[in-house]
Amino acid sequence: MKFLDEYRDGDLAQQIAREIHRVTTQPWNIMEVCGGQTHAIVKFGIDELLPKHITLIHGPGCPVCVTPLEMIDKALEIAARPGVIFTSFGDMLRVPGSTTDLLSVKARGGDVRIVYSPLDAVKIAEQNLAREVVFFGVGFETTAPATAMAVFQAAQKGLTNFSMLISHVLVPPAIEALMSSPNCRVQGFLAAGHVCAIMGYEEYPPLAAKHRVPIVVTGFEPLDILQGILMCVQQLESGRAEVENQYVRAVRQQGNQPAQRLVREVFRIVPRKWRGVGEIPASGLGLSAAYVAFDAERKFNLTEHRVDEPADCLSGQVLQGQIKPHECPAFGGKCTPEHPLGATMVSSEGACAAYYRYRRHSAAETAFAK
Amino acid sequence: MCLAIPGKVESISGGADPITRMGRVNFGGVIKEASLAYVPEVQVGDYVIVHVGFALSKVDEDEAQKVFGYLKQMQELDELKEGGP
Ligand code: SF4
Numbered sequence: 001m002k003f004l005d006e007y008r009d010g011d012l013a014q015q016i017a018r019e020i021h022r023v024t025t026q027p028w029n030i031m032e033v034c035g036g037q038t039h040a041i042v043k044f045g046i047d048e049l050l051p052k053h054i055t056l057i058h059g060p061g062c063p064v065c066v067t068p069l070e071m072i073d074k075a076l077e078i079a080a081r082p083g084v085i086f087t088s089f090g091d092m093l094r095v096p097g098s099t100t101d102l103l104s105v106k107a108r109g110g111d112v113r114i115v116y117s118p119l120d121a122v123k124i125a126e127q128n129l130a131r132e133v134v135f136f137g138v139g140f141e142t143t144a145p146a147t148a149m150a151v152f153q154a155a156q157k158g159l160t161n162f163s164m165l166i167s168h169v170l171v172p173p174a175i176e177a178l179m180s181s182p183n184c185r186v187q188g189f190l191a192a193g194h195v196c197a198i199m200g201y202e203e204y205p206p207l208a209a210k211h212r213v214p215i216v217v218t219g220f221e222p223l224d225i226l227q228g229i230l231m232c233v234q235q236l237e238s239g240r241a242e243v244e245n246q247y248v249r250a251v252r253q254q255g256n257q258p259a260q261r262l263v264r265e266v267f268r269i270v271p272r273k274w275r276g277v278g279e280i281p282a283s284g285l286g287l288s289a290a291y292v293a294f295d296a297e298r299k300f301n302l303t304e305h306r307v308d309e310p311a312d313c314l315s316g317q318v319l320q321g322q323i324k325p326h327e328c329p330a331f332g333g334k335c336t337p338e339h340p341l342g343a344t345m346v347s348s349e350g351a352c353a354a355y356y357r358y359r360r361h362s363a364a365e366t367a368f369a370k
Numbered sequence: 001m002c003l004a005i006p007g008k009v010e011s012i013s014g015g016a017d018p019i020t021r022m023g024r025v026n027f028g029g030v031i032k033e034a035s036l037a038y039v040p041e042v043q044v045g046d047y048v049i050v051h052v053g054f055a056l057s058k059v060d061e062d063e064a065q066k067v068f069g070y071l072k073q074m075q076e077l078d079e080l081k082e083g084g085p
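Residue numbers (this note's numbering), protein chains in the order written: chain A, 1 to 370; chain B, 1 to 85.
Note that these hints are calculated values from the structure, not bench results. A virtual CB, placed ideally from N, CA and C, is assigned to each residue, including glycine. Among the hints, a few may not be true.
Facing chain A, from chain B, some residues (calculated, C-beta under 7 angstroms) [as the list claims (entries may be wrong)]:
| # | residue |
| --- | --- |
| 1 | Pro6 |
| 2 | Gly28 |
| 3 | Ile49 |
| 4 | His51 |
| 5 | Gly53 |
| 6 | Phe54 |
| 7 | Leu56 |
| 8 | Val59 |
Full structure from sequences and hints, please.
Structure, rendered in structure tokens:
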């Protein structure tokens with residue numbers, strides 16, 4: 001496929017890796033923020049091409065993984081109600097709540113449907129006017145324009161049987177929270193390319209300056225990630241802490257203005273709990289005053305619901321880069337993709353699942369590192 | 001779930017209101033409908049990056065080639081250093 005395959009060329013990957021070896025003179029810790037990048041790094045063995053003393057820390061950038069337990073429990077409660085059609089992206093169905101998951105609710109007769117796009121949920125609402133249709137709106141800035149459009153169109157169509165359970169999260173406040181933590185070991189960031197395709201990268205220079213960290217907007221293919229790492233290491237080695245854009249083919253400095261406009265119209269910024277991390281101020285999106293009628297938490301009276309996270313899952317430390325997935329005592333034993341304890345083992349973009357899937361037998365069985 | 005992949009816009013429908021503009025997008029032979037609401041500048045033949053049914057941005061074809069130009073330069077420099085051909 002054009003714009004995909006050519007960015008997976010093994011020889012070119014080796015070439016960038018050699019350059020990284022050449023410019024690296026000391027240890028560096030670099031965090032890739034996005035779970036899609038974590039997945040590619042582990043799948044293609046990109047970390048194994050790097051000098052030993054460059055450590056990639058897998059960041060909190062998987063929306064499925066950071067959706068708090070109480071939000072999953074709210075979804076489960078709504079989905080189990082008679083008369084409700086609960087719609088969601090497929091990867092939320094196996095995320096464990098306190099006692100069960102959406103897939104089990106469906107098996108017990110709940111009307112839970114997987115949709116590809118939030119607009120499909122609006123269509124279902126139009127076709128089922130006698131039933132309540134709820135969409136589980138999770139995701140980063142990348143996904144927010146799609147859910148915003150669904151709410152906007154539902155409002156335009158005057159649909160009163162459509163609502164959304166929203167757990168949208170924002171990347172820059174999470175970076176700020178990470179960098180402000182005393183345990184933080186991150187010295188440079190690869191920022192998530194598709195988040196920046198929407199938001200641009202004008203939010204990042206203050207972060208780079210305040211915490212003296214280079215931030216490189218990076219794509220998702222192996223060559224993109226390697227080039228992002230190279231740009232980051234070059235900055236670290238020369239003592240710079242700037243914002244650079246590796247993913248120029250898809251990301252413009254100002255981002256996607258029409259998308260930002262609709263997101264601002266439909267949503268407002270709210271504090272949000274992150275699974276394993278806790279509440280981060282101004283780190284999420286909720287419906288703005290004009291659209292509260294579409295808020296499923298209000299409609300189903302669940303705003304006061306609070307749940308604590310289980311103690312034996314260390315996903316909080318994984319998500320903050322304090323431990324690697326296989327350092328969790330439950331990894332591969334008590335916790336597997338079939339019986340996940342935490343969301344980072346459920347989602348294919350979660351760090352635990354990526355390690356389990358590609359590193360189960362030996363560390364070296366990956367595409368580039370033969 | 002943040003997966004977003006590039007595809008080629010084969011046809012556009014949905015009329016004058018940009019909000020309802022849709023495209024048929026070809027991902028290496030698999031055709032899917034995607035909303036073009038957020039990329040009003042996109043024309044038939046352009047490549048777009050699609051996520052959950054929405055085109056997020058247009059792929060800039062000139063920029064897309066630059067990384068390969070950069071790699072080629074690196075290669076030539078290597079060859080120079082090694083006293084190659
Ligand atoms: S291996 Fe399982 S229990 Fe351990 S941190 Fe990952 S998801 Fe949680």
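Cross-check of the supplied hints:
no., hint, verdict
1, Pro6, "4 angstroms, holds"
2, Gly28, "4 angstroms, holds"
3, Ile49, "5 angstroms, holds"
4, His51, "6 angstroms, holds"
5, Gly53, "3 angstroms, holds"
6, Phe54, "5 angstroms, holds"
7, Leu56, "5 angstroms, holds"
8, Val59, "5 angstroms, holds"
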